[in-house]
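Number of protein chains: 2
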Amino acid sequence: MKEPLPILQIKKPADLLLTNGTILTLASGSKPISEGALAIVDGRIVAVGAKAGVESFFEAARTIDARGGLIMPGLINAHTHAAMSLFRGLADDLPLKTWLENHIFPAEKRWVNQEFVYWGTLLAIAEMIRSGTTTFADGYFFEEQAARAVQQSGMRAFLGQGILDFPTPDSPSPAETLKRIEALIQTHSGSSLIHPTLFPHSVYTCSPDLLRRCRDLADRYGVPLIIHLAETKSELDEVLRKYGKSPVNQMENLELLSPSLIACHCVWLTESEMDLLARRGVKVVHNPESNMKLASGVAPIPELLARGVTVGLGTDGCASNNNLDLFQEMDTAAKLDKVYRLDPTVMPSNVVLEMATLGGAKVLGLEREIGSLEVGKKADIIILDLHRPHLQPIYNIVSNLVYSATGADVRDVIIDGKLVMQDRKLLTIDEETVLQKAQDWKEKIAGSGD
Amino acid sequence: MKEPLPILQIKKPADLLLTNGTILTLASGSKPISEGALAIVDGRIVAVGAKAGVESFFEAARTIDARGGLIMPGLINAHTHAAMSLFRGLADDLPLKTWLENHIFPAEKRWVNQEFVYWGTLLAIAEMIRSGTTTFADGYFFEEQAARAVQQSGMRAFLGQGILDFPTPDSPSPAETLKRIEALIQTHSGSSLIHPTLFPHSVYTCSPDLLRRCRDLADRYGVPLIIHLAETKSELDEVLRKYGKSPVNQMENLELLSPSLIACHCVWLTESEMDLLARRGVKVVHNPESNMKLASGVAPIPELLARGVTVGLGTDGCASNNNLDLFQEMDTAAKLDKVYRLDPTVMPSNVVLEMATLGGAKVLGLEREIGSLEVGKKADIIILDLHRPHLQPIYNIVSNLVYSATGADVRDVIIDGKLVMQDRKLLTIDEETVLQKAQDWKEKIAGSGD
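As you go down the protein sequences, you meet chains A and B in turn.
So in this note's numbering, spot 78 of the first sequence is number 78, and the numbers just go up one at a time.
So in this note's numbering, spot 236 of the second sequence is number 236, and the numbers just go up one at a time.
Derived from the structure by calculation, the hints contain no laboratory data.
Just so we're clear, the structure is a prediction, and the values are computed from it rather than from any experiment.
A hint or two may mislead.
All copies of an identical chain are treated as equivalent in the list; a pair is satisfied when it fits inside any one copy or across any two copies.
The calculated DMTMM-like cross-link candidates involving lysine to aspartate or glutamate, where the alpha carbons are at most 25 Å apart (straight line), are [to be verified]:
(1) Lys233 <-> Glu59
(2) Lys442 <-> Glu35
(3) Lys425 <-> Asp385
(4) Lys444 <-> Asp385
(5) Lys425 <-> Asp65
(6) Lys97 <-> Asp219
(7) Lys418 <-> Glu144
(8) Lys418 <-> Asp170
(9) Lys31 <-> Glu443
(10) Lys51 <-> Glu443
(11) Lys97 <-> Asp343
(12) Lys233 <-> Glu176
(13) Lys109 <-> Asp219
(14) Lys51 <-> Asp237
(15) Lys51 <-> Glu144
(16) Lys242 <-> Glu432
(17) Lys242 <-> Glu55
(18) Lys11 <-> Glu144
(19) Lys109 <-> Glu182
(20) Lys233 <-> Asp216
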């Protein structure tokens, strides 16, 4: 009788191995994996599961020990205006019209330039990475500069170039803006991190013709259209007065309701408009904190979800929140609808967590790439430190994430397979310089007497 | 001509000197002091003002450099159930009756004992100190054990011993509980940190006779009475059915509405009940996150404030929030009323910050001792690190505190003149042991199959 031949197990090389933590993959039907491991090759997840299994197949150039931590998908901020971080706290608690017309619009007109957008976006990215966001959808001006900040920091972003009927800080006319967007889309074609797109501001600030031209350009390049839709009662009234139709019906009229439309806020909707959004496959972004702070109203999110509408979660800009922490936003999203309907069962924690991860990925059309930890997907991953008084004990990890955690519990962040924060130290951003620039801008803006 | 005699300035000794930070005293009419300093002797503030002035008069045994930070009063959590931290996330998103009767009440009956309250309160205190709270008002059982935790940690607390018509985890009858409270009050008479008091649970769980006996005992010792009042619609309905009066009117009927009553929640109030609360000088505690999560309703806080009612801010217990972070609670308090009334001007940030500081002190009758940084007051002080992306730039520090900060931005905490957290390290609590105990309790509770 012969001896059996020894089986020589050759381990495959991985770029990065995360090990020892509890893993919440958020893949459909998944359960938390305690003592898990995850391997990354070329920016993508190649294995995720029990530690013993993963480690028997892969050996990595670099390993991160996540003991006592939670490994989960990075969060997706589906609607913000990143560079407005430089206006954080500039004006609050004011009537909407005063806030916009006497503070935000004049400040934008006077101060928003290339440098402002570059440093403001970097400041916002620093905050987002620190609070566990790995992808954001922006809507602002000078998005070439936002792209520069995104590129340098290794963040993933959809960059919506703002378009309005009137001149903007970066462009004398909508025609110029459209050219600018087209160039930006072409420049970053094929980029894994940077997805330039169009952000026509709203139905009341963009003419029907401009909206149609935006749609045509977006369709030509297969990029989504981001818009503020039915955000406030005054928007509803103005659009009704102007077009004899509600914002949603006006969009339908212009044939703009489609699966590539990302409609932000969606507060003032009728039942039949919700049906219509569902039928057209429009994606919706929920911004509860901004809707609260600006007193816009409570969006009918449970009703949209019940109709099968895809909903992501966003913080909106820093001037109306005033932070970019999606963990806090999840908490608010879970609680607001409960009190508004006097029903504690709506918006349970798992639904809200999905909204901030896979929901956001679906909104951006990236659900095959990000939003959950699955083999083949891009490695956008965060590790939380759970060894903290406010996160213990853990009966239900999803509850603790939504109701107890904040972004400050995030320890490490990986985007596109690259470590961008380790032990709360940013690796791709010179934080000191960014903080100094924020202070410089504030002194300029506040010191101007405007 | 004689030479002038040199003036020999003898500096007075101080125990602790805080220097270089911006100081927000929150004293009436005060403005932020940049480059400030504050001196502490025997647990009290003896000087606060410009650095040069304070440092010319005092030299300290120990100095804390608060450069880049903000020195402000510690926050006051005016309503919580500290030991319930061990039930954090045990049950969420359920109908109120199911949540209470199938989860919380049975868990309390089975698990709440002396050890549970001791470790649960320590866990809660660890979380509160870490998030900048220096005083809390508790309402639970085995408050002798809460007192033990408070004593050890150097926290300041009002400890409301829970009383109900039926047997509680710590007592077979209300009569026993009253004896227990009396003993606890006597034991801690004259303590600076520990203020035992009575917490008759509510009008629907305490008989008129019991409520009167509570009032008599509280009056005899000059301690406040803490109660849940008009929290939910079902409470309103039940009390109406039982007594033919609303909870507030039933309390008036029993002559319990007085300046020493601390009424928590106060959601379901009529205009005339608000007038009555104001007339009687009743103190109110606002718990917006708990009221949202349990779908209790939105409390009419702006209306109460307009009537001159003193309002403090509380997190409620961890089973209905699920954290004890008053910075997040301020954010929610500022935003909830705005969206509820569709008015972005209500509950401005300065009003909310006062609610969490001096307002809470007034609720507890300690406004001459704590709630602002003034000479003669006790040194309950927190230092925040402002050198962080989500707290920059600063146009209005109060806005950043309410809308942008979280408890994780607190760096150092001083209570009664003693440093209890430095550079985010707890100095009076063995955090590792507390976290281990929290996990042990969870395993026992979750493992029991209940």
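Hints, verified against the model:
Taking the closest pair of Cα atoms, Lys233 and Glu59 never come within 25 Å of each other, the shortest separation being 57 Å inside a single copy and 59 Å across copies. In this homomeric assembly, Lys442 and Glu35 come within 25 Å of each other (Cα to Cα) only across copies, at 19 Å, whereas the closest approach inside a single copy is 46 Å. When the C-alpha separation of Lys425 and Asp385 is checked against a cutoff of 25 Å, the pair qualifies both within a copy, at 14 Å, and between copies, at 16 Å. Taking identical chains as interchangeable, the C-alpha atoms of Lys444 and Asp385 lie at most 25 Å apart only when they sit on different chains, with a minimum of 23 Å there against 38 Å within one chain.
In the homo-oligomer, the alpha carbons of Lys425 and Asp65 lie at most 25 Å apart both inside one protomer (16 Å) and across protomers (23 Å), since each shortest distance falls under that limit. Taking identical chains as interchangeable, the C-alpha atoms of Lys97 and Asp219 are never at most 25 Å apart, the minima being 34 Å within one chain and 51 Å between chains. Only within a single protomer do Lys418 and Glu144 lie at most 25 Å apart by alpha-carbon distance; the minimum there is 23 Å, versus 52 Å between protomers. When the C-alpha separation of Lys418 and Asp170 is checked against a cutoff of 25 Å, the pair qualifies neither within a copy, at 32 Å, nor between copies, at 54 Å.
Taking CA atoms no more than 25 Å apart as the test, Lys31 paired with Glu443 passes between copies only; the shortest distance there is 19 Å, against 50 Å inside one copy. In this homomeric assembly, Lys51 and Glu443 come within 25 Å of each other (Cα to Cα) only across copies, at 23 Å, whereas the closest approach inside a single copy is 51 Å. Taking the shortest Cα distances, Lys97 and Asp343 sit within 25 Å of each other only across copies (12 Å), while inside one copy they are farther apart (33 Å). In this assembly of identical chains, Lys233 and Glu176 lie within 25 Å of each other by CA distance neither inside one copy nor across copies; the values are 31 Å within and 57 Å between.
Within a single copy, Lys109 and Asp219 get their C-alpha atoms no closer than 30 Å, and across copies no closer than 62 Å, so neither meets the 25 Å cut-off. Taking the shortest alpha-carbon separations for Lys51 and Asp237, neither the intra-copy value of 57 Å nor the inter-copy value of 54 Å comes in at or below 25 Å. With identical chains, the CA atoms of Lys51 and Glu144 are never at most 25 Å apart, being 42 Å at best within one copy and 45 Å at best between copies. When the C-alpha separation of Lys242 and Glu432 is checked against a cutoff of 25 Å, the pair qualifies neither within a copy, at 48 Å, nor between copies, at 63 Å.
In this assembly of identical chains, the alpha carbons of Lys242 and Glu55 never lie at most 25 Å apart, being 63 Å within a copy and 65 Å across copies at closest. In this homomeric assembly, Lys11 and Glu144 never come within 25 Å of each other (Cα to Cα): the closest approach is 43 Å inside a single copy and 59 Å across copies. For a Cα distance limit of 25 Å, the shortest separation of Lys109 from Glu182 inside one copy, 24 Å, qualifies, whereas the shortest one across copies, 66 Å, does not. Within a single copy, Lys233 and Asp216 get their C-alpha atoms no closer than 29 Å, and across copies no closer than 53 Å, so neither meets the 25 Å cut-off.
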